[in-house]
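Asker: Each chain, letter by letter, is given below.
2 protein chains.
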Amino acid sequence: MTDLLDRLARRLGPRGFTADRDAMAPWLVDWRGRMRGRAAALVSPADRDEVAFVVAAAAAAGVPVVPQGGNTSMVAGATADDPDALILSLRRMNAVRRVSPEDNMLVAEAGTILHDVHVAAEAAGRRFPLSLAAKGSATVGGLVSTNAGGTQVLRFGPMRALVLGIEAVLPDGGLFEGLSALRKDNRGYDLRQLLAGAEGTLGVITAAALRLVPAAGSRTVAWVGLATAQDALVLLRQLEGATGDAIESFEIVPADALELVLRHIPGTRAPLARGHRWHVLIEAVAPKGAPPVPLDEAILATGLAEDAVIATSEAQADALWRLRESISEAERIDGMAAKHDIAVPVSAMPGFMAEARAAVEARFAGVRVIAFGHLGDGNVHFNVRAPAGADDRAWFAQQGAVVSAFVHDLVTAAGGTLSAEHGIGRLKRAEFARLADPARLAAMRAIKNALDPGGIMNPGVLVPLAEAPSLS
Amino acid sequence: MTDLLDRLARRLGPRGFTADRDAMAPWLVDWRGRMRGRAAALVSPADRDEVAFVVAAAAAAGVPVVPQGGNTSMVAGATADDPDALILSLRRMNAVRRVSPEDNMLVAEAGTILHDVHVAAEAAGRRFPLSLAAKGSATVGGLVSTNAGGTQVLRFGPMRALVLGIEAVLPDGGLFEGLSALRKDNRGYDLRQLLAGAEGTLGVITAAALRLVPAAGSRTVAWVGLATAQDALVLLRQLEGATGDAIESFEIVPADALELVLRHIPGTRAPLARGHRWHVLIEAVAPKGAPPVPLDEAILATGLAEDAVIATSEAQADALWRLRESISEAERIDGMAAKHDIAVPVSAMPGFMAEARAAVEARFAGVRVIAFGHLGDGNVHFNVRAPAGADDRAWFAQQGAVVSAFVHDLVTAAGGTLSAEHGIGRLKRAEFARLADPARLAAMRAIKNALDPGGIMNPGVLVPLAEAPSLS
Chain W
1 MTDLLDRLAR RLGPRGFTAD RDAMAPWLVD WRGRMRGRAA ALVSPADRDE
51 VAFVVAAAAA AGVPVVPQGG NTSMVAGATA DDPDALILSL RRMNAVRRVS
101 PEDNMLVAEA GTILHDVHVA AEAAGRRFPL SLAAKGSATV GGLVSTNAGG
151 TQVLRFGPMR ALVLGIEAVL PDGGLFEGLS ALRKDNRGYD LRQLLAGAEG
201 TLGVITAAAL RLVPAAGSRT VAWVGLATAQ DALVLLRQLE GATGDAIESF
251 EIVPADALEL VLRHIPGTRA PLARGHRWHV LIEAVAPKGA PPVPLDEAIL
301 ATGLAEDAVI ATSEAQADAL WRLRESISEA ERIDGMAAKH DIAVPVSAMP
351 GFMAEARAAV EARFAGVRVI AFGHLGDGNV HFNVRAPAGA DDRAWFAQQG
401 AVVSAFVHDL VTAAGGTLSA EHGIGRLKRA EFARLADPAR LAAMRAIKNA
451 LDPGGIMNPG VLVPLAEAPS LS
Chain X
1 MTDLLDRLAR RLGPRGFTAD RDAMAPWLVD WRGRMRGRAA ALVSPADRDE
51 VAFVVAAAAA AGVPVVPQGG NTSMVAGATA DDPDALILSL RRMNAVRRVS
101 PEDNMLVAEA GTILHDVHVA AEAAGRRFPL SLAAKGSATV GGLVSTNAGG
151 TQVLRFGPMR ALVLGIEAVL PDGGLFEGLS ALRKDNRGYD LRQLLAGAEG
201 TLGVITAAAL RLVPAAGSRT VAWVGLATAQ DALVLLRQLE GATGDAIESF
251 EIVPADALEL VLRHIPGTRA PLARGHRWHV LIEAVAPKGA PPVPLDEAIL
301 ATGLAEDAVI ATSEAQADAL WRLRESISEA ERIDGMAAKH DIAVPVSAMP
351 GFMAEARAAV EARFAGVRVI AFGHLGDGNV HFNVRAPAGA DDRAWFAQQG
401 AVVSAFVHDL VTAAGGTLSA EHGIGRLKRA EFARLADPAR LAAMRAIKNA
451 LDPGGIMNPG VLVPLAEAPS LS
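Residue numbers (full-length UniProt numbering), protein chains in the order written: chain W, 1 to 472; chain X, 1 to 472.
Hints are not guaranteed to be accurate.
Since the list gives no way to pick one copy over another, a pair counts as held whenever it fits inside one copy or between any two copies.
Cross-link-like lysine to any residue pairs, in silico, SDA-like; alpha carbons within 20 Å at most [stated by the list, open to error]:
(1) K288 x G303
(2) K288 x D245
(3) K288 x R155
(4) K339 x P350
(5) K288 x A301
(6) K339 x H381
(7) K135 x R36
(8) K288 x T302
(9) K288 x Q238
(10) K339 x A358
No wet-lab data here; the hints were simulated from the structure. None of the values given here were measured: they were computed from a predicted structure.
Using the sequences and the hints, build the whole thing.
Answerer: This is the structure:
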C-alpha cells in the first residue's frame, strides 16, 4: 500500500495527490451529512492519462477507487468507506473541450460543473436543457454516472437522454473512446448507456459529449388551481396536444406544501385569490423568434382550471418558481421528514399519491405525508413527517427505516421504483437488494463481475454483491 | 438433439413447432437474399412462458437459438447457420397488450408489425413516430433488437430512444420483467438499453413498452434546391432555431440521385424549374389544432435556397416524398452497387460526402458514388456503382470487399461508424472486428460471456468472439 501511494504521489505531484487527513476531510462526508467515510488518499488527476494510471495501479494492487465529482450525491454514492480506498476526484479536469453548434453538441470533461456547461452552450447560441439545484457544484461525470434528473426532464429527458458520447477509463485501466457523438451508431451494445447511471461501478467517466438544443425564446409560466391530482394529469396531456412539445415543466404542489412555503419562506405570497386542493406550476418555452406559447388560452380551453394566473414578467415567473423551489427548505424549517424519491407510471401517480398517503397515515398514527414534484415524469418527492408533538430525531431513529420500507413496498406493488432520480448509492443498496427482481440483480452482478473482476470500482455502491448467488 | 426436438414439439404443438424443410425454407434466407442458412427446427411460441421453455431447453442442450421477427435484417442478423440451431420466431406473439394514452405509451409483443403499432397509437389519439419502408413486415422485437432508424429519427430519435420498457427471456431462461415504463428509474445498469441493439445475442425480447407522442397536426413538406451540401446543413440548423422541434425529416438528395429517379421511375417529375447540385426534402409537423409550420417564410429568411417549393396538397407532399423514397429502386434498376450504411458527426458530413466520393472515385477507376439520405442524422447511404461498361456481377465479386473496406476505412478515419442503422449482423462482423477499438470489443465480449456463458444466443452475429483474446 505504501508503495502504491508513493507511486501515485510521484506521478500526480502535490496538486494531484494528498493523504493529509484535514485536506481529505471535506470529501469524506456526503452531501446530506449522513455518512463519514474513510480513505487512504485523495487523488486528483489532471488528465485522462493520469486517471488511467491511477486505475491501472489500483487494479494491480487490488485497492478500491471511488470516483467523485461535486460530491452532491443524495445517496452517498461518492463516499469512500475503506481505509485503503482512493478517492478519485475529477475536479481538476474541468475543461469544455469543444463546442459544436452545428452538431448541437459539446464535449466537457468530467469535472466541469453544470453551470459552466450552461454558459458554454449559451455562448454558442444553444441550450443545455437539464438543470437542478446543485448546478453550481454538480459535475458532468457525476451527472452522467447518476443519470441525473431535475425539473426540466419532461421535454428533453434525463441525463441519459442527453449523453451522445462518453470517454471513460475502464476497471482494467483501458481507455474507452466513445466520444464521437454520432447521431446514429449501431455497433452493438451501447457501452455509453451502460456507463450512464452505473454510479462509477464500471469505470471512471473522464469526459462526455452532451446534446444541445436550440436556444430558448420566451418562456410562459403559469400557476393553476385544480380540484384533483387526476385533473392535473388530464390538463398536462391536453396542453401537450395543444402546444406540441412546448411544455417543459409540469410540477404538482398540494395545498399543504404551498401552506408550508407561505408560512416559512419570507416574501412569498399565494398566487391565486382562493385556496385550492391542488396546484400545478407550468412552464412552456417558445422557439427563439417565435411568439410566446399561448398557455392562457390553452388552459382555458381545457375547462379544468378552478383558477389560473400567467406570469406577465420575468420577476413574476421567478416568484412562481420560487414557491415550488422553496418547498424543501420550508419542510426543513418545519421539521424532519423521511424522504423518498419515487416514481410510478405517470397515469398511476394521481391515484398513488392519494392511496399511498392514506395507507401511510393509517399505518403510522399521527404522521403526515407531503408529496409534490414532477407529475409529468410520474416522479414525486414523497416525504413523511413525524407525528406532531413527537421528538423528531428519536421518532425517526426508531421508525425511519420501517416507514421507508413501507413506502417502498407500496411503490413496488404499484410497479414503481424506489429511486427515480437520485440513484442507489450506499444508502439505498439494501432496500434495492430486498426489492429488485432476481433476474435484474443476477444480470447486474454478472455485468459487474465481467467488467470489474477485481471489484475495485466504487465497491459497496449500487450493486448488491455480498448477498449474491452467482448467475450461472 | 432428437430428445430436445421431441420435447419442444410436445410442448409447442403443431402450430408452434416444425422441422419440415419446406416450411422452414422462407425463414432460412435473409431479406436481401445474400445468405441461405441452416437450422434443425423452427419454433413459434405462443407466449413468453413458451419462449422461456425453449431457451431453457436450448441452454441445457447447448443448442443455438436464433430469434427472428419479420426477417427483414439488412445484415443477415436473423439467419440461422448451424444444422442444430433453433429459429425462434416471435410472429405468433403479436398482441398489442395495452395502450395507455395518459402514459403516452403502449405495450406490444415482439411479433407485432410496425404498421399495427402505428394503427394502435392512432386509435388512441397518439402517434408512434418511427417508420421505415419495411413497416408491413418488421416487428417490434426486431426493431428494438436492431435499434432501427428510418426517415423520422431527427426529432424523436431511433428505436433506442423510444423504448420505455422491455420484457425479455435471458440466456438462462430467466424472465427479465422491465416493462413498467417509468419515465424516471435510476436503479443501476439500464438492461433495457443493453438489450436494445444487442441483435438477440443477450436474450429474446418478448415485448416492449414504446413511447408515444402527441398526434400530429398538419405537415408541411418542402423541396429546396441548394448550391452546396454545407448550405443544407446551415439551412437545417437555422430552420431548427426558427421552428423549434418542428422539423421531423431533412433528407439530402444530390443531382445525380434525382436524375436516376426521373429516368427510371414512371410518373415522377422534377419539382423545381432549373437544375441544382443539391436538394433537400424537408418535413415539418405542427401540433394538432395549431396552424401549419410557416416553412416557406423560414426558408426564405435564411437566404440559402436557390429555389424552393412547398407542397400545397397531400398529393403533392406524397409526390415529393416519392422522389426520395424511389432512389433505391431507381439505383437497382440502373445497376448493381456496393452499399454502405454509414454515419459521421453531422457537421462533418457535407465535407465527408465530397472528400470520400473523390477518394473512392480516384482509387477505383470509373466507379461512381451516389450518396444521399439522412443529413440531419449525419447518416447517408453511400453507394458505389461499378464502372460503366463493366460486368457488374463480375466486377463486384472481385472488387466489392475491397471497395467496402476502403469506404469503411475512410469512415473510421472521420470518427464515424460502418453501421448507422442496419446493425452488424453476420455480414459486417468481420469488418467490425477489424475496425473496432480494442476496449470496446473487450467490453462487449466480457458482457456477452457474462450473460450468455454457453454462447447459445444468436451465435455468429454481432459479437466477434472467435478471434478474441479474453478481457482479463
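Asker: For a quick check of understanding: which of the numbered hints are violated here, in increasing order?
Answerer: Structure breaks hint 7 only.
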